[in-house]
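Enquirer: Based on these hints, arrange chain B on the given structure of chain A.
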Amino acid sequence: MRNYEVTFIVDPVLSGDEVKSTVQTYKEMLTNEGAGIVNVEDMGLRQLAYPINKRSTGFYYCIEFAAEQVGFIGKMELALKRDERIMRYLTVALDKYGAKYNEDKRNGKIGKRPPVVKEKGNPYSAPVAVAAPKVIAAPEIIAEEE
Amino acid sequence: MATQDEIKFLSNPNIGAKKKKYCRFKKFGLKYVDYKDDTFLIQFVNEQGKLLPRRLTGNSLKYQKRVATAVKRARHLAILPYMTDLLK
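Line by line, the protein sequences give chains A and B. Using the numbering used here, the first residue of the first sequence is number 1, and each one after it goes up by one. Using the numbering used here, the first residue of the second sequence is number 1, and each one after it goes up by one.
Don't read these hints as lab results, they were simulated from the structure. Every value quoted in this text rests on a predicted model; they were computed, and no experiment measured them. A couple of the hints might just be wrong.
Unchecked claim - Partner residues are not named here, just some residues of chain A that face chain B (Cβ under 10 Å, in silico):
hint, residue
1, THR7
2, ILE37
3, ILE52
4, GLY58
5, TYR60
Here a beta-carbon is modelled for each residue, glycine too, at the ideal position from N, C-alpha and C.
For reference, chain A alone in the conformation it holds in the complex (with noise of 0.2 Å):
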């Protein structure tokens, strides 16, 4: 049993209802084909950073889910490509490690970035910690001279 994602991008310019059963559609594609839904994510609608078929926004879904046989993605992936209603997909197969990220984010463990980023000592936050003890030190110098 491995876990695969499959994110695509939905046609902003759908209504909500439409955008809502067409991920339906492919999520009930996806249960007949005896694969294991685990997840659906709805990233919203984001801004793309270069523009697809004229459109500059999408809708991001990422469904995950788990199967054993794996056939069934060709065809997925090639209704995909023929509804119009999807701009872009991408399948991917998670390993390991990628399966804990997901379920981990699920759970709230990953994605508060700036608290976690900061305990670890990520390079990108040492320089304003190393920093900010001399912006206290520099007014006692200051008040010295005076």
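Expert: Just chain B now, with coordinates in the frame of chain A:
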């Protein structure tokens, strides 16, 4: 005035010293590079959206390859641009 014993260096010896680079994935125990996390991946590309070399990021070969795959996947999904100016 500092005495002769206190003066060890005429200039600060730390200036110009090279800071040792390290692989942040190994150091912080990150095992998976998420292709959907644009704020994280942006650290590994330059202003034009090109991948930075290992020479600059300090990543180990294993994770540099994974970063490269993740960036390429993100580009396909329009999470990161293929090419641009003033990304950062």
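Enquirer: Confirm or reject each hint.
Expert: Status of each hint after checking the structure:
Annotation: interface hint on THR7 of chain A holds; nearest CB of chain B at approximately 6 Å, less than 10 Å. At about 18 Å, the closest approach between the beta carbon of ILE37 of chain A and any beta carbon in chain B exceeds 10 Å, and the interface hint on this residue is violated. This hint holds: ILE52 of chain A has a C-beta 6 Å from the nearest C-beta of chain B, less than the 10 Å allowed. Satisfaction of the interface hint for GLY58 of chain A is found here, the shortest Cβ-Cβ separation to chain B being roughly 7 Å, below the 10 Å cut-off.
For TYR60 of chain A, the interface hint holds, the least distance from its beta-carbon to any beta-carbon of chain B being 8 Å, beneath 10 Å.
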